[in-house]
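Q: Just need the whole structure built from these sequences, with the hints factored in.
If you're matching positions, the sequence shown starts at -10 in my numbering and goes up one per residue.
It should be emphasised that the hints constitute simulated quantities derived from the structure, not laboratory data.
Check each hint, because a few of them may be wrong.
[As the list claims (entries may be wrong)] Only pairs whose alpha carbons sit at most 25 angstroms apart, straight line, appear in this in silico SDA-like list of lysine to any residue:
1) Lys9 x Ser19
2) Lys9 x Gln64
3) Lys9 x Arg48
4) Lys84 x Glu65
5) Lys69 x Val88
6) Lys9 x Glu65
7) Lys9 x Ser51
8) Lys84 x Pro94
9) Lys84 x Tyr3
10) Lys84 x Val103
11) Lys69 x Asp(-6)
12) Lys9 x Ala(-8)
13) Lys84 x Ala63
14) Lys84 x Leu101
15) Lys69 x Ser19
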Amino acid sequence: GSAYDLASVFMLAYPYGYPKVMSSYYFEDSNEGPPGEPVHGQDGELRCGVGQPWVCEHRRPSIANMVAWRRAAAQEEAIKGWTSDGERLAFCRGKSACVALNMSPTPWSARLEVS
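A: Given below as C-alpha cells:
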C-alpha cells in the first residue's frame, strides 16, 4: 500500500547506503513459499498485480520512477529539508532533484527554494 510505496520512495531519495528495491508474491500463510510459476510467462506476459501470484512492487510508478530520480540526484547531499506534523516531508538533493512525501490523507503542496 501507500506506506510501503512512500517508504520505498524515501529510501531511494535519501542519500544513505545502498538501496535495494524488493518485489514479492502474494501469500495467505506465513509458511507458504514462492509461487510455482515464474514472474514472466513463456510469451513474456507478466504475472504481476491483482489476481496474479506476484506483487511486483518494483513496477509501481512511484517506485520505478525513483530509480531514474536517484541517478539524476547522483552524489548530491540532502538540502533544504522541510517537515510538518510527522506526516509530511520534503527535501532536495542539489538544485534539480526535489521530493515531497505526504502520508496524510489531506492534499499538500510544498515550495522548496534551491540556490
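Q: All hints, please: hold or fail.
A: We went through each hint and held it up to the structure:
1. Lys9 x Ser19: With a Cα-Cα distance of about 23 angstroms, the restraint between Lys9 and Ser19 holds, given a limit of 25 angstroms.
2. Lys9 x Gln64: Holds - the C-alpha atoms of Gln64 and Lys9 are around 17 angstroms apart, at most 25 angstroms.
3. Lys9 x Arg48: Holds. Lys9 to Arg48 sits at ~14 angstroms (cutoff 25 angstroms).
4. Lys84 x Glu65: Answer holds: Lys84 to Glu65 is near 9 angstroms, not above 25 angstroms.
5. Lys69 x Val88: Roughly 11 angstroms between the alpha carbons, so the hint for Lys69 and Val88 holds.
6. Lys9 x Glu65: holds (19 angstroms)
7. Lys9 x Ser51: With Cα atoms ~15 angstroms apart, Lys9 and Ser51 stay inside 25 angstroms; holds.
8. Lys84 x Pro94: violated (29 angstroms)
9. Lys84 x Tyr3: holds (15 angstroms)
10. Lys84 x Val103: holds (6 angstroms)
11. Lys69 x Asp(-6): holds (23 angstroms)
12. Lys9 x Ala(-8): holds (17 angstroms)
13. Lys84 x Ala63: holds (12 angstroms)
14. Lys84 x Leu101: With Cα atoms ~10 angstroms apart, Lys84 and Leu101 stay inside 25 angstroms; holds.
15. Lys69 x Ser19: Not satisfied, since the Cα-Cα distance of roughly 42 angstroms exceeds 25 angstroms.
In this structure, the earlier hints numbered 8 and 15 are contradicted, and the remaining ones agree with it.
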